[in-house]
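Undergrad: Please put together the full structure from these sequences, using the hints given.
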Amino acid sequence: MKPDAIARAVLAGKPLDVPVIDAHGHIGSWHQFPMPRSTSAGLVAAMDGIGIDRLAISGIVGACGMNPVEGNNMVLDALTSHPDRFIGYAVVTPPNADAALAEFKRCEARGLRALKLHTWHGPLYTDAVYRPTLEYVNARKYPVLLHTWGAGDMKMLAELATTYAGSMWILGHTPSDLDGYISLAARFPNVALETCCSNAPFGLIEYLVAEAGADRVLFGSDAGFTSMAMMIGRIGLANISVADKQKILGENAARIFGLAA
Amino acid sequence: MPTPGFDLFDCDAALGRRHGATALEPHSKADLLASMDRCGIRRALVAHHSAWFSEVNLGNRLLTEETAASDRLVGCWTAVPDDAGDTERIPRVLQNMLAAGGRAVRLMPKTMLWNLAEWCSGKLCTSLQERQIPALIPLEETSFDALHGVLTHHPQLRVMLLQLSYRIDRELYPFALAHPNLYLSMSPRYSSHDGIERLRDQIGPERLLFGTRWPESEPGAGVSFTLYARIPDSDKRLIAGANLDRLLAEVLA
Numbered sequence: 001m002k003p004d005a006i007a008r009a010v011l012a013g014k015p016l017d018v019p020v021i022d023a024h025g026h027i028g029s030w031h032q033f034p035m036p037r038s039t040s041a042g043l044v045a046a047m048d049g050i051g052i053d054r055l056a057i058s059g060i061v062g063a064c065g066m067n068p069v070e071g072n073n074m075v076l077d078a079l080t081s082h083p084d085r086f087i088g089y090a091v092v093t094p095p096n097a098d099a100a101l102a103e104f105k106r107c108e109a110r111g112l113r114a115l116k117l118h119t120w121h122g123p124l125y126t127d128a129v130y131r132p133t134l135e136y137v138n139a140r141k142y143p144v145l146l147h148t149w150g151a152g153d154m155k156m157l158a159e160l161a162t163t164y165a166g167s168m169w170i171l172g173h174t175p176s177d178l179d180g181y182i183s184l185a186a187r188f189p190n191v192a193l194e195t196c197c198s199n200a201p202f203g204l205i206e207y208l209v210a211e212a213g214a215d216r217v218l219f220g221s222d223a224g225f226t227s228m229a230m231m232i233g234r235i236g237l238a239n240i241s242v243a244d245k246q247k248i249l250g251e252n253a254a255r256i257f258g259l260a261a
Numbered sequence: 262m263p264t265p266g267f268d269l270f271d272c273d274a275a276l277g278r279r280h281g282a283t284a285l286e287p288h289s290k291a292d293l294l295a296s297m298d299r300c301g302i303r304r305a306l307v308a309h310h311s312a313w314f315s316e317v318n319l320g321n322r323l324l325t326e327e328t329a330a331s332d333r334l335v336g337c338w339t340a341v342p343d344d345a346g347d348t349e350r351i352p353r354v355l356q357n358m359l360a361a362g363g364r365a366v367r368l369m370p371k372t373m374l375w376n377l378a379e380w381c382s383g384k385l386c387t388s389l390q391e392r393q394i395p396a397l398i399p400l401e402e403t404s405f406d407a408l409h410g411v412l413t414h415h416p417q418l419r420v421m422l423l424q425l426s427y428r429i430d431r432e433l434y435p436f437a438l439a440h441p442n443l444y445l446s447m448s449p450r451y452s453s454h455d456g457i458e459r460l461r462d463q464i465g466p467e468r469l470l471f472g473t474r475w476p477e478s479e480p481g482a483g484v485s486f487t488l489y490a491r492i493p494d495s496d497k498r499l500i501a502g503a504n505l506d507r508l509l510a511e512v513l514a
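Those protein sequence lines, which keep their order, are chains A and B. Numbering-wise, this note's numbering puts 59 at position 59 of the first sequence, and it's gapless, one number per residue. Heads up: take any position in the second sequence, counting from 1, add 261, and you land on this note's numbering.
Please keep in mind that the hints were generated in silico from the structure rather than gathered at the bench. If you're wondering where the values come from, they're calculated on a predicted model, not measured in any experiment. From the three backbone atoms N, C-alpha and C, an ideal C-beta is built for every residue, glycine too. Careful: at least some of the hints might be erroneous.
Label pairs and their calculated CB-CB ranges [unchecked claim]:
no. : chain 1 : residue 1 : chain 2 : residue 2 : range
1   : B       : Ala514    : A       : Glu70     : 21 to 27 angstroms
2   : B       : Asp332    : A       : Pro189    : 49 to 55 angstroms
3   : B       : Asn376    : A       : Lys105    : 57 to 63 angstroms
4   : A       : Pro189    : B       : Ala345    : 48 to 54 angstroms
5   : A       : Trp149    : B       : Ala282    : 19 to 25 angstroms
6   : B       : Arg353    : A       : Gly150    : 44 to 50 angstroms
7   : B       : Ala282    : A       : Arg110    : 43 to 49 angstroms
8   : B       : Glu326    : A       : Asp84     : 51 to 57 angstroms
9   : A       : Ser29     : B       : Pro441    : 24 to 30 angstroms
10  : B       : Ala345    : A       : Gly152    : 24 to 30 angstroms
TA: What follows is the structure, encoded as structure tokens:
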């Protein structure tokens, strides 16, 4: 098979010459392992080498930690220092529903237009603690990135996609329950499948395109936490058409985040 | 075959059906070569799943048949301690492997129910060290403590650690700094952000090896992890294949 232009760029280690948006990233360092280069400058340096135009980030100390305000402030600072390179997810956490909504509004006032929720905090995403924030986000059609991990969460996700039909629900780590999440995407047009997985399962991208369609798949790397450089090759060298690669790498995310591709 | 700017030599691939794999997971020599072609990989050091999921001698025989007369696949036999009598004596096994073109061995102590402690693995490690035959060990098959014992007893043994996790840097860095004959595969799940750049800064490029973890993982992941590393091209060439080439060339046949 003759490599297409995207594959040729990957094989040369050169920046991709197509729009690329990474829908799943983090900024900051974490308690379980070091992330010393997951600063705004460190992330942008890696993005420049690969040709990633924008990275959607949440603060790791909020998404998987006890400090959502500090994490959100890291995101806001990154958007200030690199306004054209980052998309910001605000993180809200238990236990106070009103405080969670207030924190989202604080971030929205400074430009964030997306929400990230993580099971690390315990409650189901349908828990009352998230309801005011989800109602607010849904009314404004902001996208929501969910950490999903194949834990029998299909009923909950279907309820979210139905109740909050104005939001696009981005399922992070789709490989954790591949067929389950593909079936969910088939039922709900407001569900998108994000690709990051440290195992980099063989053939995943080809399977997603065949079963869900390239329009429903988003490139995501879990950047900062893991490697954009490792995750990009799964798509850039996948056995799919160049048109499908472009959808996954950037066009779909541009549509969801309301950006020019 | 695509021709990338770097000569990619995969240190972490295995033929044969893998226990627990889906029906769609590739496993044959043709599958491997097709993946290598798609991802610009010129050569691969390959083991055989049958050695540790069926029977060691069978796996090594199948591997020899698959790699014979191939200029792209180098055999990596699987070795076990020989006292229980299910293989020939280790020196003979290694001699047979070298005669068949193999240049490294896989050690799978957890799956194959043996022990890396000196009382169990000592003779095997001594033989490998004498011939400078690299020993490839997935981290999930052992522990840093067990490996510390191996490399303390056999400091010249060349150990390639495979299938690292991105979450282990607080142990991996001091371990690699303590053991100069430890080599690290950059295959998934070592998907640490700037992982190659940071390791190269700490331990140098000479002990980092391009790997794919085929067929469990998509080989494009290992390829782009290496080729997008922001390091000098001279270092990238070492990691892409030259380090592995050197190690295999230094085996005392």
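Undergrad: Which earlier hints turn out false for this structure, listed by number in ascending order?
TA: 1, 4 and 10
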